[in-house]
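K.L.:
One line per chain: the protein sequences are A and B, in this order. Counting in this note's numbering, the first sequence runs without a single skipped number right up to 174 at its last residue. Counting in this note's numbering, the second sequence runs without a single skipped number right up to 1093 at its last residue.
Hint data in this document are derived by calculation from the structure and do not stem from the laboratory. Keep in mind that the hints are not guaranteed to be accurate.
As the list claims (entries may be wrong) - DSS-like mimics (lysine-lysine), calculated; alpha carbons at most 27 Å apart, straight line:
id: 1; chain 1: A; residue 1: Lys57; chain 2: B; residue 2: Lys1042
id: 2; chain 1: B; residue 1: Lys1042; chain 2: A; residue 2: Lys88
id: 3; chain 1: A; residue 1: Lys113; chain 2: A; residue 2: Lys173
Claimed, not checked - FRET-style restraints, in silico, Cβ to Cβ:
id: 4; chain 1: A; residue 1: Gln62; chain 2: B; residue 2: Ile1069; range: 42 to 50 Å
id: 5; chain 1: B; residue 1: Ile1069; chain 2: A; residue 2: Val111; range: 38 to 46 Å
id: 6; chain 1: A; residue 1: Lys57; chain 2: B; residue 2: Met1004; range: 23 to 31 Å
Said to hold, decoys possible - A short, non-exhaustive set of chain B residues, derived as facing chain A with CB atoms under 8 Å:
id: 7; residue: Val1050
id: 8; residue: Ser1060
id: 9; residue: Ile1079
We put the beta carbon where it would ideally sit given N, CA and C, even for glycine.
The residues making up each chain are set out below.
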Amino acid sequence: MMKLLQQKEWSPYLAGTLLGLVYIVSIAVAGIIPGASGAFENIGGLIAQAIYPDLAKNTYFQFVMPPGITTAVMILLGIFIGAFVSAKLSGDFKLQVVSDPQWKRVFGAAVWKRWLVLFLGGILLEFGAGIAGGCTSGLAIGGGLFLAPSAFIFIAAMFISGIPTAWLMYRRKY
Amino acid sequence: MFEMLFALIIGFGFGFALQKAGLGKYHKIVNVFRFTDLAVLKFMMTTLAVSMVGTFALNSLGIIALPAIPPTYVVGNLIGGLIFGVGMAGAGF
Chain A
1 MMKLLQQKEW
11 SPYLAGTLLG
21 LVYIVSIAVA
31 GIIPGASGAF
41 ENIGGLIAQA
51 IYPDLAKNTY
61 FQFVMPPGIT
71 TAVMILLGIF
81 IGAFVSAKLS
91 GDFKLQVVSD
101 PQWKRVFGAA
111 VWKRWLVLFL
121 GGILLEFGAG
131 IAGGCTSGLA
141 IGGGLFLAPS
151 AFIFIAAMFI
161 SGIPTAWLMY
171 RRKY
Chain B
1001 MFEMLFALII
1011 GFGFGFALQK
1021 AGLGKYHKIV
1031 NVFRFTDLAV
1041 LKFMMTTLAV
1051 SMVGTFALNS
1061 LGIIALPAIP
1071 PTYVVGNLIG
1081 GLIFGVGMAG
1091 AGF
């Protein structure tokens, strides 16, 4: 058992089964569909309340995503801790500024480049998730397990734009 | 209070599973769009299948009620997904 926990990487089928069980427990015990993106909006609302209260009074923050420390924020916090423990157990944990070997090979080791793409990509991720009503976890999986049409529209759209984006970035190396 | 603590534990399992699948790594995510490593899809579809069977089995046995299902609004889901995909391929998350 310990050996399994210390493995650097599991088969995606094993890890996927674990996450599937997490979803079942979460829905069965508390009726929560786990998601990661909503937490940023809850926290964003809190920041808006602090520095620009008028903004926090708009329709979105009042009715769609109320600011506050919600269960979504706790899930996000748990994700950090869970991933940290997993990485520590397998000795996979390192602090790096540009961490990915594939990125370095294709785009070079320049820190600004990686961080800029990461920052802009992060904005797009959160913005897109906000419009769609969830991200890969909350909408694609959390909706897909009920066969909600929204989830499958989202997954399809994600690949429709993700594939050309990767192609444009990699070009000849695609 | 129970709900908050419970959410923290759920998040823990969530982060643990994703890290073990290697999905904290940029190349794992972007390579699904290059068709060189389909781990993201294998992981997602396994999660879907397992959670689907478990949830509906418990529901059919009358043990649990289903929560509110994410609403469908085609244009929003579509445009949001398109923007999301660009970010996902760039950032790798």
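K.L.:
All hints, please: hold or fail.
P.N.:
Right, here's what the structure says about each hint:
no.	hint	in the structure
1	A/Lys57 to B/Lys1042	42 Å, violated
2	B/Lys1042 to A/Lys88	25 Å, holds
3	A/Lys113 to A/Lys173	18 Å, holds
4	A/Gln62 to B/Ile1069: 42 to 50 Å	23 Å, violated
5	B/Ile1069 to A/Val111: 38 to 46 Å	43 Å, holds
6	A/Lys57 to B/Met1004: 23 to 31 Å	26 Å, holds
7	Val1050	3 Å, holds
8	Ser1060	13 Å, violated
9	Ile1079	6 Å, holds
Going through the hint list in order, the structure does not satisfy hints 1, 4 and 8.
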